[in-house]
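**Student:** Sequence:
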Amino acid sequence: MPVVVSLVIVVGAICLLDLVLTVGVIRRLREHSTLISELGGGRMPVPMLQDGETADAFEAVATTGEVVSRDGLSGNTLVGVFSPDCSACKERLPGFIRLARSFSGGRDRVVAVVAEMGGDTEFYRRELEPVARVVIEREGTGINKALHVKAFPAFGILGEAGKVVVSGLDPEQVVTPAAA
Numbered sequence: 001m002p003v004v005v006s007l008v009i010v011v012g013a014i015c016l017l018d019l020v021l022t023v024g025v026i027r028r029l030r031e032h033s034t035l036i037s038e039l040g041g042g043r044m045p046v047p048m049l050q051d052g053e054t055a056d057a058f059e060a061v062a063t064t065g066e067v068v069s070r071d072g073l074s075g076n077t078l079v080g081v082f083s084p085d086c087s088a089c090k091e092r093l094p095g096f097i098r099l100a101r102s103f104s105g106g107r108d109r110v111v112a113v114v115a116e117m118g119g120d121t122e123f124y125r126r127e128l129e130p131v132a133r134v135v136i137e138r139e140g141t142g143i144n145k146a147l148h149v150k151a152f153p154a155f156g157i158l159g160e161a162g163k164v165v166v167s168g169l170d171p172e173q174v175v176t177p178a179a180a
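Here UniProt numbering is used: the first residue of the sequence shown is 1, the next is one more, and so on.
Keep in mind that the hints were calculated from the coordinates and are not lab data. Each residue gets a CB set at the ideal place from its N, CA and C atoms; glycine is no exception. A couple of the hints might just be wrong.
Simulated restraints, written as ranges between beta carbons of each label pair [said to hold, decoys possible]:
#1 Ala151 <-> Glu122: 15 to 25 Å
#2 Asp108 <-> Ala57: 14 to 24 Å
#3 Asp56 <-> Glu122: 50 to 60 Å
#4 Ala88 <-> Asp51: 16 to 26 Å
#5 Glu31 <-> Asp56: 39 to 49 Å
#6 Asp85 <-> Arg27: 56 to 66 Å
#7 Pro130 <-> Asp56: 26 to 36 Å
#8 Glu31 <-> Glu172: 49 to 59 Å
#9 Val46 <-> Asp108: 21 to 31 Å
#10 Arg27 <-> Phe123: 41 to 51 Å
#11 Val46 <-> Gly105: 20 to 30 Å
#12 Val23 <-> Ala57: 14 to 24 Å
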């Protein structure tokens, strides 16, 4: 009988210690959650230039031979920036294509940039050419650089002279009354 009592006391002590440690871990997780939200401000990362900022000058040649430049933009232009190795890019591609099809001004006012980082750029070219002027360029150059792209996919609407009207990580975020 004394052995059973001793075992019950040991098991009880272990359970009590486990409970104290679990409460400590939960408290620490709450502190970390608070710190992370304060650091990030609770906001999504900024994928490219923000509303009101102006893109640097750029000039690129689309896959169909058309020249695309900041100074050549007229009216609002829908821009999508993709990376072939990005799973979120493939996931959001259909939404961008839907938005591009209904965008005021048609294909002439839609630019799709594919960052050449390996992967199947041909897939993006085939999917996007019917609705956009497609530019394939190395990451960090050309239009990517002019828009200060920091995350993929990135979407935005550029107004006259390359001023960003709206930008975001999802094509649904760039719908404005002017885009509809």
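**Student:** Against each hint, give a clear statement of whether it holds in the structure.
**Tutor:** Results for each hint:
no. : hint                          : in the structure
1   : Ala151 <-> Glu122: 15 to 25 Å : holds (23 Å)
2   : Asp108 <-> Ala57: 14 to 24 Å  : holds (20 Å)
3   : Asp56 <-> Glu122: 50 to 60 Å  : violated (28 Å)
4   : Ala88 <-> Asp51: 16 to 26 Å   : holds (21 Å)
5   : Glu31 <-> Asp56: 39 to 49 Å   : holds (41 Å)
6   : Asp85 <-> Arg27: 56 to 66 Å   : violated (39 Å)
7   : Pro130 <-> Asp56: 26 to 36 Å  : holds (29 Å)
8   : Glu31 <-> Glu172: 49 to 59 Å  : violated (34 Å)
9   : Val46 <-> Asp108: 21 to 31 Å  : holds (28 Å)
10  : Arg27 <-> Phe123: 41 to 51 Å  : holds (48 Å)
11  : Val46 <-> Gly105: 20 to 30 Å  : holds (26 Å)
12  : Val23 <-> Ala57: 14 to 24 Å   : violated (58 Å)
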